[in-house]
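2 protein chains.
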Amino acid sequence: MPDRSRQTHGETRPATETHPTPALVMNRRLIRDKYREFRSQFPEATIYYALKANPHPGIVRLLQELDCHFEISSLGELELLSEMGVRSRRIISGNPVKERAFVERAHASGIDLFAFDSYPEIDKLEECAPGSRVTVRLAVPNDGSEWPLSKKFGVEPREAADLLLRAGERGLKPVGVTFHVGSQCTRPATWAVAIEKSKLVWRMAAERGLSLSLLNVGGGFPIEYLRPVPSTAEIAAVVRRSVAEAFPEGVELAIAPGRALVGEAGVLAATVIARAERDSRPWFYLDVGVFNGLMESVGGIRYRMLTDRGGPAVRCVLAGPSCDSFDVIAMEAELPDLQVGDGVRIMSAGAYTTAYASQFDGFQIPAVHYTE
Amino acid sequence: MPDRSRQTHGETRPATETHPTPALVMNRRLIRDKYREFRSQFPEATIYYALKANPHPGIVRLLQELDCHFEISSLGELELLSEMGVRSRRIISGNPVKERAFVERAHASGIDLFAFDSYPEIDKLEECAPGSRVTVRLAVPNDGSEWPLSKKFGVEPREAADLLLRAGERGLKPVGVTFHVGSQCTRPATWAVAIEKSKLVWRMAAERGLSLSLLNVGGGFPIEYLRPVPSTAEIAAVVRRSVAEAFPEGVELAIAPGRALVGEAGVLAATVIARAERDSRPWFYLDVGVFNGLMESVGGIRYRMLTDRGGPAVRCVLAGPSCDSFDVIAMEAELPDLQVGDGVRIMSAGAYTTAYASQFDGFQIPAVHYTE
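Protein sequence lines, in the order shown, are assigned to chains A and B.
Heads up: the first sequence at position 345 corresponds to 345 in this note's numbering, and the numbers run straight through without jumps.
Count along the second sequence from 1, then add 1000; that gives the number in this note's numbering.
There's no promise every hint is true.
Ranges between beta-carbon positions, derived for each pair [as the list claims (entries may be wrong)]:
(1) 1087(B) / 228(A): 52 to 62 Å
(2) 1341(B) / 193(A): 35 to 45 Å
(3) 1281(B) / 101(A): 26 to 36 Å
(4) 1224(B) / 123(A): 49 to 59 Å
(5) 1250(B) / 58(A): 52 to 62 Å
(6) 1104(B) / 18(A): 16 to 26 Å
Anything over 12 Å on all C-beta distances counts as not near chain A; from chain B, calculated [claimed, not checked]:
(7) 1061
(8) 1071
(9) 1078
(10) 1079
(11) 1100
(12) 1121
(13) 1203
Incomplete in silico selection of chain A near chain B, CB under 7 Å [stated by the list, open to error]:
(14) 52
(15) 56
(16) 99
(17) 208
(18) 211
(19) 274
(20) 358
Calculated from the structure, these hints are not laboratory results.
Quick caveat, the model's predicted, so the values are computed rather than measured.
Backbone N, C-alpha and C fix where the C-beta goes; we use that ideal spot for every residue, glycine too.
Chain A extracted, bound-state conformation (with noise of 0.2 Å):
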């Protein structure tokens, strides 16, 4: 890390330097080449963007114009894409909870797709968007990833094939499964195992004639910060292989990236503000922290931070401008001996920032720009 951090970036340099900082430059050429990447890797899968990792209108713009879908949860998400002209049979619901006048408004709208995993969610998308199709979400294990998203989402194979077939009674089109490995998951085996459990669903509605075509194996491909991770590649093969044992019949296949299609695409060019040593350690106040762009380092994130300034790196921490006691980047760092006003580029920062950013204590949301 200590080379890293001393590390410039020539390419992204002279963007952010041109913006007054925090600022957020996203690059077109890297979200369209990862892209076309995931075009490539899942040949015959359909891809939708989680929205809630970034949703600037830039990206939606840019990614409605690669022909990618979207996956949203909410109101102001439906909002947002329908001013934005994308086309409702492009959007699904992925949330497995969801707000009554949502699920009203998507209906009306012509989404056709919505995920689910409890009883009470059958009767609101039975009287609100009466004969949609609908997925229900399976728990699976999250092995290998950063946030397990297990707990608070997720039914057994049985409740799932008992909740099919109960929408189905319904009225409602019970057509597969969806599930999530957990954010930023590293273990690609991982997919293999929720693949596995998901034919389980198919097998125990089967038995009760009921026939499944769709399995949206959902997000959690990881982008790079401090550690390599899996390709993409490594990941997709292990997916179709999966796919391809556990569905010998074929299978619709969806796919939901938000993170890995936007993040390493973001630099987030801030500016050191204010230092002070404490405890014989040097402390580096930036102008952006975990309330207006980097809430991830409260889960754990570290990101990787490039500066001009020279000098070998010191042991220091890294916190945000507010009052907040809760506002600390990171309590171990090693970056060189910054000064006030020197410049520090966080890479990889392009999902899961702005898009958790608040205006707490009065400190600006970084603004978002755009390169080629």
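Since the structure of chain A is already known, use the hints to place chain B on it.
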């Protein structure tokens, strides 16, 4: 908690039920009463509202009418107060680390008191706010506080005196000490210890010919969530006695409550949007969660929640509406067996709720309403 969760609270019900949820309903009378309580318990102190707790314009307007002063950290907060016509001599800058542009603008607008705790900050203040009054931030024990703040800011007495003397050499006016016992501090003696420690800075400065006059004892005054807390009167008695003992010659006293002025005045009205059974336990999903209002639940705050649903309390999990696994309000809660559509009133939610909120995943930030 089970008993309380079934209790209703007639006073706030009509107000919260007239607005679509999520909505934060602030009771002006409770804010006024609390301000007057602080006013009478700290008769000689200047009261600065820590704006970050809840910067909604309606609160600023009300506190302005009451003749309250304000403590701010950023350009955003300064702009808000300027737009609302708050005079600069009623505003101080409490953040020990500050953006240069903020210091310049604050000085230009007439703000004349800045906290600091590092040498680079002296350079900044000398250049951008020459001749200003400054207080040094002292590190003090945070025993009994919910969120200790001591690591991010503050210096020991010897360094505090050194910093004040250096500031004086640079043409700034070193006037005293500021400290913070930590947020939601339930141990009155912690203020006494901090005041004793402040006295050391007075002595060390005096030995070197510098006479100090201003003591800002900060915020940290607790409010009632689920458990009773010491009253303002109890804490004020300790503070007044400690100040009288430590500073028999008299001192200019300042306090900076945030949470305590507005927290108990706010009720966050929410709706159960979904429920599911997971691992034999009900999960209730509200339309407000960690990202759009209840961020402090991550830090351990457990709110009192009221509902009209009857029946025995059940052990349940309470989660927010987003797709995010981090968006869980409480893994262990006891509430009546709520159904989709039920209203929930989250009590003591006037501080650090909408202030931290973002629109992550497209969910709206609660609108703020007022009752008399």
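Structure-based check of all given hints:
{"no.": "1", "hint": "1087(B) / 228(A): 52 to 62 Å", "in the structure": "56 Å, holds"}
{"no.": "2", "hint": "1341(B) / 193(A): 35 to 45 Å", "in the structure": "37 Å, holds"}
{"no.": "3", "hint": "1281(B) / 101(A): 26 to 36 Å", "in the structure": "27 Å, holds"}
{"no.": "4", "hint": "1224(B) / 123(A): 49 to 59 Å", "in the structure": "38 Å, violated"}
{"no.": "5", "hint": "1250(B) / 58(A): 52 to 62 Å", "in the structure": "60 Å, holds"}
{"no.": "6", "hint": "1104(B) / 18(A): 16 to 26 Å", "in the structure": "22 Å, holds"}
{"no.": "7", "hint": "1061", "in the structure": "17 Å, holds"}
{"no.": "8", "hint": "1071", "in the structure": "9 Å, violated"}
{"no.": "9", "hint": "1078", "in the structure": "7 Å, violated"}
{"no.": "10", "hint": "1079", "in the structure": "8 Å, violated"}
{"no.": "11", "hint": "1100", "in the structure": "7 Å, violated"}
{"no.": "12", "hint": "1121", "in the structure": "6 Å, violated"}
{"no.": "13", "hint": "1203", "in the structure": "23 Å, holds"}
{"no.": "14", "hint": "52", "in the structure": "4 Å, holds"}
{"no.": "15", "hint": "56", "in the structure": "12 Å, violated"}
{"no.": "16", "hint": "99", "in the structure": "5 Å, holds"}
{"no.": "17", "hint": "208", "in the structure": "21 Å, violated"}
{"no.": "18", "hint": "211", "in the structure": "26 Å, violated"}
{"no.": "19", "hint": "274", "in the structure": "3 Å, holds"}
{"no.": "20", "hint": "358", "in the structure": "4 Å, holds"}
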